[in-house]
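Chain residues, written in single-letter form:
There are 2 protein chains.
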Amino acid sequence: MSQLGLLPRRAWASLLSQLLRPPCASCTGTVRCRSQDQESLQVAEPVLTSQLKPHQEKPNFIIKTPKGTRDLSPQQVLVREKILDLVVSCFKRHGAKGLDTPAFELKEILTEKYGEDSGLIYDLKDQGGELLSLRYDLTVPFARYLAMHKVKKMKRYQVGKVWRRESPAIVQGRYREFCQCDFDIAGQFDPMIPDAECLKIICEILNGLQLGDFHIKVSDRRIMDGMFAVCGVPESKFRAIGSSIDKLDKMSWKEVRHEMVAKKGLAPEVADRIGEYVQCHGGVSLVEQMFQDPRLTQSKQALEGLGDLKLLFEYLTSFGIAEKVSFDLSLARGLDYYTGVIYEAVLLQTPAQARDEPLNVGSVAAGGRYDGLVGMFDPKGHKVPCVGLSIGVERIFYIVEQRMKTSGEKVRTTETQVFVATPQKNFLLERMKLITELWDAGIKAEMLCKNNPKLLTQLHYCENMGIPLVVIIGEQELKEGIIKLRSVASREEVAIKRENLVVEIQKRLSES
Amino acid sequence: MSQLGLLPRRAWASLLSQLLRPPCASCTGTVRCRSQDQESLQVAEPVLTSQLKPHQEKPNFIIKTPKGTRDLSPQQVLVREKILDLVVSCFKRHGAKGLDTPAFELKEILTEKYGEDSGLIYDLKDQGGELLSLRYDLTVPFARYLAMHKVKKMKRYQVGKVWRRESPAIVQGRYREFCQCDFDIAGQFDPMIPDAECLKIICEILNGLQLGDFHIKVSDRRIMDGMFAVCGVPESKFRAIGSSIDKLDKMSWKEVRHEMVAKKGLAPEVADRIGEYVQCHGGVSLVEQMFQDPRLTQSKQALEGLGDLKLLFEYLTSFGIAEKVSFDLSLARGLDYYTGVIYEAVLLQTPAQARDEPLNVGSVAAGGRYDGLVGMFDPKGHKVPCVGLSIGVERIFYIVEQRMKTSGEKVRTTETQVFVATPQKNFLLERMKLITELWDAGIKAEMLCKNNPKLLTQLHYCENMGIPLVVIIGEQELKEGIIKLRSVASREEVAIKRENLVVEIQKRLSES
Numbered sequence: 001m002s003q004l005g006l007l008p009r010r011a012w013a014s015l016l017s018q019l020l021r022p023p024c025a026s027c028t029g030t031v032r033c034r035s036q037d038q039e040s041l042q043v044a045e046p047v048l049t050s051q052l053k054p055h056q057e058k059p060n061f062i063i064k065t066p067k068g069t070r071d072l073s074p075q076q077v078l079v080r081e082k083i084l085d086l087v088v089s090c091f092k093r094h095g096a097k098g099l100d101t102p103a104f105e106l107k108e109i110l111t112e113k114y115g116e117d118s119g120l121i122y123d124l125k126d127q128g129g130e131l132l133s134l135r136y137d138l139t140v141p142f143a144r145y146l147a148m149h150k151v152k153k154m155k156r157y158q159v160g161k162v163w164r165r166e167s168p169a170i171v172q173g174r175y176r177e178f179c180q181c182d183f184d185i186a187g188q189f190d191p192m193i194p195d196a197e198c199l200k201i202i203c204e205i206l207n208g209l210q211l212g213d214f215h216i217k218v219s220d221r222r223i224m225d226g227m228f229a230v231c232g233v234p235e236s237k238f239r240a241i242g243s244s245i246d247k248l249d250k251m252s253w254k255e256v257r258h259e260m261v262a263k264k265g266l267a268p269e270v271a272d273r274i275g276e277y278v279q280c281h282g283g284v285s286l287v288e289q290m291f292q293d294p295r296l297t298q299s300k301q302a303l304e305g306l307g308d309l310k311l312l313f314e315y316l317t318s319f320g321i322a323e324k325v326s327f328d329l330s331l332a333r334g335l336d337y338y339t340g341v342i343y344e345a346v347l348l349q350t351p352a353q354a355r356d357e358p359l360n361v362g363s364v365a366a367g368g369r370y371d372g373l374v375g376m377f378d379p380k381g382h383k384v385p386c387v388g389l390s391i392g393v394e395r396i397f398y399i400v401e402q403r404m405k406t407s408g409e410k411v412r413t414t415e416t417q418v419f420v421a422t423p424q425k426n427f428l429l430e431r432m433k434l435i436t437e438l439w440d441a442g443i444k445a446e447m448l449c450k451n452n453p454k455l456l457t458q459l460h461y462c463e464n465m466g467i468p469l470v471v472i473i474g475e476q477e478l479k480e481g482i483i484k485l486r487s488v489a490s491r492e493e494v495a496i497k498r499e500n501l502v503v504e505i506q507k508r509l510s511e512s
Numbered sequence: 001m002s003q004l005g006l007l008p009r010r011a012w013a014s015l016l017s018q019l020l021r022p023p024c025a026s027c028t029g030t031v032r033c034r035s036q037d038q039e040s041l042q043v044a045e046p047v048l049t050s051q052l053k054p055h056q057e058k059p060n061f062i063i064k065t066p067k068g069t070r071d072l073s074p075q076q077v078l079v080r081e082k083i084l085d086l087v088v089s090c091f092k093r094h095g096a097k098g099l100d101t102p103a104f105e106l107k108e109i110l111t112e113k114y115g116e117d118s119g120l121i122y123d124l125k126d127q128g129g130e131l132l133s134l135r136y137d138l139t140v141p142f143a144r145y146l147a148m149h150k151v152k153k154m155k156r157y158q159v160g161k162v163w164r165r166e167s168p169a170i171v172q173g174r175y176r177e178f179c180q181c182d183f184d185i186a187g188q189f190d191p192m193i194p195d196a197e198c199l200k201i202i203c204e205i206l207n208g209l210q211l212g213d214f215h216i217k218v219s220d221r222r223i224m225d226g227m228f229a230v231c232g233v234p235e236s237k238f239r240a241i242g243s244s245i246d247k248l249d250k251m252s253w254k255e256v257r258h259e260m261v262a263k264k265g266l267a268p269e270v271a272d273r274i275g276e277y278v279q280c281h282g283g284v285s286l287v288e289q290m291f292q293d294p295r296l297t298q299s300k301q302a303l304e305g306l307g308d309l310k311l312l313f314e315y316l317t318s319f320g321i322a323e324k325v326s327f328d329l330s331l332a333r334g335l336d337y338y339t340g341v342i343y344e345a346v347l348l349q350t351p352a353q354a355r356d357e358p359l360n361v362g363s364v365a366a367g368g369r370y371d372g373l374v375g376m377f378d379p380k381g382h383k384v385p386c387v388g389l390s391i392g393v394e395r396i397f398y399i400v401e402q403r404m405k406t407s408g409e410k411v412r413t414t415e416t417q418v419f420v421a422t423p424q425k426n427f428l429l430e431r432m433k434l435i436t437e438l439w440d441a442g443i444k445a446e447m448l449c450k451n452n453p454k455l456l457t458q459l460h461y462c463e464n465m466g467i468p469l470v471v472i473i474g475e476q477e478l479k480e481g482i483i484k485l486r487s488v489a490s491r492e493e494v495a496i497k498r499e500n501l502v503v504e505i506q507k508r509l510s511e512s
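Going down the list, the protein sequences come from chains A and B. First residue of the first sequence? That's 1 in this note's numbering, and the numbers climb one at a time after it. First residue of the second sequence? That's 1 in this note's numbering, and the numbers climb one at a time after it.
These are calculated hints, taken from the structure and not from any lab test. Any given hint might turn out to be false.
Copies of the same chain look alike in the list, so a pair counts if it works inside one copy or between any two.
[Claimed, not checked] DSBU-like mimics (lysine-lysine), calculated; alpha carbons at most 30 Å apart, straight line:
| hint | residue 1 | residue 2 |
| --- | --- | --- |
| 1 | Lys247 | Lys300 |
| 2 | Lys380 | Lys107 |
| 3 | Lys324 | Lys450 |
| 4 | Lys310 | Lys150 |
| 5 | Lys64 | Lys125 |
| 6 | Lys92 | Lys425 |
| 7 | Lys107 | Lys254 |
| 8 | Lys300 | Lys310 |
| 9 | Lys454 | Lys264 |
Using the sequences and the accompanying hints, generate a full structural model.
Rendered as structure tokens:
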């Protein structure tokens, strides 16, 4: 069904197994140290290394990446590429177009969009000119793009880094710099059809990634707000109480109730009324049940939300994913801009898995409807309804890392197909001519950057790097117009005509 | 030879031709405006749109991207993807591994690495904690990575955005946020072998991109510094005079001489001596000529550089690219960290091209050797010699945009293969079931997000979007267990059994 889906499970697992290895060097061969040569210069002229000021040659500070960020090693880059390929190919399967926006936006663009989290935005220093902030997500820039370019309809995906000054809990796969993969549908369509497609996409991606069973919680901002209203929450407290509710996946109801009453000043009886609702979750039958709820049905907004959820479940049944989705009144989602349906996907663990390698990574995909955001950027307030989703790829990387910790299979981080070797001294130029033929034919090829490497060193390099084929050229071969082609695995060598080299290699590579 | 090389020229030109079109909407179909629905709510409860504060609904500032930055439309993203694919596949063909580093670094990491350009670094606001700056290139972070992880040898590539607060000259394809594609070889190897491979890579990429003829200027920091020394430039003025020399591709020698004498206080006779050298360019014969130069050969450093250049030209001949490269004493390169060979590739225009669409985009690829940079990050000053290159992909995008301005061929920005249509009312659920079969089989499919779209609207959508196949389902087809499959181009329709649908579509797609 998907690119990764086509890989045998074992190959996929094997590919991922390298994740936790430390970054390692890739090239071998060393003879002359250029820097030593430079240092030993007999200086009859000024020491001409002004570009390397002596006092700068040793740093007087700790060399590290900024707090909450990290380098990705070649192994990690490889795994990330495979995961992103799968995600993007799903977005494209659903007809999405790619978009790219700058890493930073005018500070005003991001202001008052993220509720309690606004303090986590990275600002740039005022160096004269505009006040700028690093983007906090890909949704607000997308809405800004739609308004700025007057785009009324668009199915788009975007993959990119975003930045949040959170207290880093790296152990849970959370970073201050992380990658987001977003898919959104902007435009006025018939109700819940794009919303259902977003849930279908989440299912396709999580199935394709083979992360095990998962579950999607669905609710609606209008139902939550309606519930707050009929329970007696003052409107000014809606977002604050919503934030407390949002913690129910990490805290017990008792703790959340305490926070609402003691810290946020909610009347205890109001909290208890809310408690009756937020502990409910189920399928479409819970939607039906809520339609009968004498209190909730006093809210016209809640009724609207319930009506849409009913329709949504009908569509999810046609998409074959209804059993993956439940209506969950405890789902709140922190961001200010949601206006309708909201959802969040979490991975499920079997009891055995939870015992062996307990996962606590929060949601791996989430999103919702935000019909008002684009209008906030339009000079005339024209609205463009939107619904979308974001895949938590960093958390998925983390889960894969955890899962693969025990596996030790070797995965290649280079794609080299052929190595050019010689048993002869002073054969560098011949190796260069030969490898040029290969490169120019599109064949992935390497040789050692040494004048006179030993044959054994060259063959060991191939074994270590997993390069399948070796081309060997020496004086004798040159004279006879042939080349030796060696299979690293079987150690078999055959002589072939020099002019057939590229064709023969391409034949072998296509067979393997 | 390369992915794009395999594309027929026409397809490649066609692909690029869309670059200059404005972003356009992608989805059709509209019935109910959800936002209007919301506005018309009969409010028996508080207006529950607190997440959209009324005073925020219309922005009181101009909606734009920050100065010197831009959004990339789907067409531009598509072209960028193709260009980056070609570049990265060349890097991989040469055995490089991928690496990723954070968008920002500790401010100290970037300090005193970029000479006169250091003022162009974007700093982040001090929000408590570390002082951070956005990366200015990918080279310094790579050197920091090598030192921090104690990597002594590595062939790596990295693609990513970098940021520079330059006065934007967008007309020339220069932005404050732009993408870099870097390839570097770190480690101690025999002289000039990795350096020659870098030049080979530049040639492969520029050939693969079919941008027309090009030329690579080569020099060496040691030759330049030696030349300055023997001409009588005080050592304290080396970098400043180097910066003036660097402008010789945009200014005449007379203007550069004036700058050096009047602004930088160089003695006129010293300037004239420099003038004799920097106006020289040629092939390996110029290297030989300089070996006979009585003044230049007084510098041991210059002799070292000339010796390496001679070796380099020998290797370039074996790689078949010597005729693309010239020794050019006017090449200076602005960055502080270079210590040896430096190079810069420029596109050449035929006289006719220069008249029709004069290009002024500076270099499209550049790089050099920097043997001291990693040592600046190592606590003990241990050096790791490095050489690398950067492809100026933004400039390449710009050139492609200019070249394609006149072409008007249509290029698809989505990859949708099949459209699911119905002539019937109330057939949404059946369309959903059918499209689910396609998606789950990995087929790229779309349908309109409307309850009852007209058949003509659906077929027009396919024609507009370039979708080749339509699956049509109606009451009659459902009853008979068949499906109609329509070719959009030929308008031919055939009836096929429902259960053969996926196989039949896959067969057709593999044939086309």
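Tested hints:
With identical chains, the CA atoms of Lys247 and Lys300 are at most 30 Å apart within one copy only, with a shortest distance of 27 Å there and 70 Å across copies. In this assembly of identical chains, the alpha carbons of Lys380 and Lys107 lie at most 30 Å apart only when taken from the same copy (21 Å versus 42 Å across copies). For a Cα distance limit of 30 Å, the shortest separation of Lys324 from Lys450 across copies, 24 Å, qualifies, whereas the shortest one inside one copy, 58 Å, does not. With identical chains, the CA atoms of Lys310 and Lys150 are never at most 30 Å apart, being 33 Å at best within one copy and 58 Å at best between copies.
Taking the shortest alpha-carbon separations for Lys64 and Lys125, both the intra-copy value of 21 Å and the inter-copy value of 19 Å come in at or below 30 Å. Only between protomers do Lys92 and Lys425 lie at most 30 Å apart by alpha-carbon distance; the minimum there is 28 Å, versus 53 Å within a single protomer. For the homomeric pair Lys107 and Lys254, neither the shortest alpha-carbon distance inside one copy (39 Å) nor that between copies (46 Å) is at most 30 Å. Taking the closest pair of Cα atoms, Lys300 and Lys310 come within 30 Å of each other only inside a single copy of the chain (15 Å); across copies the shortest separation is 83 Å, beyond that limit.
Proximity of Lys454 to Lys264 under the C-alpha cut-off of 30 Å is found in neither arrangement, the shortest distances being 74 Å within a copy and 53 Å between copies.
Consistency with the previously given hints fails for numbers 4, 7 and 9, ordered from lowest to highest.
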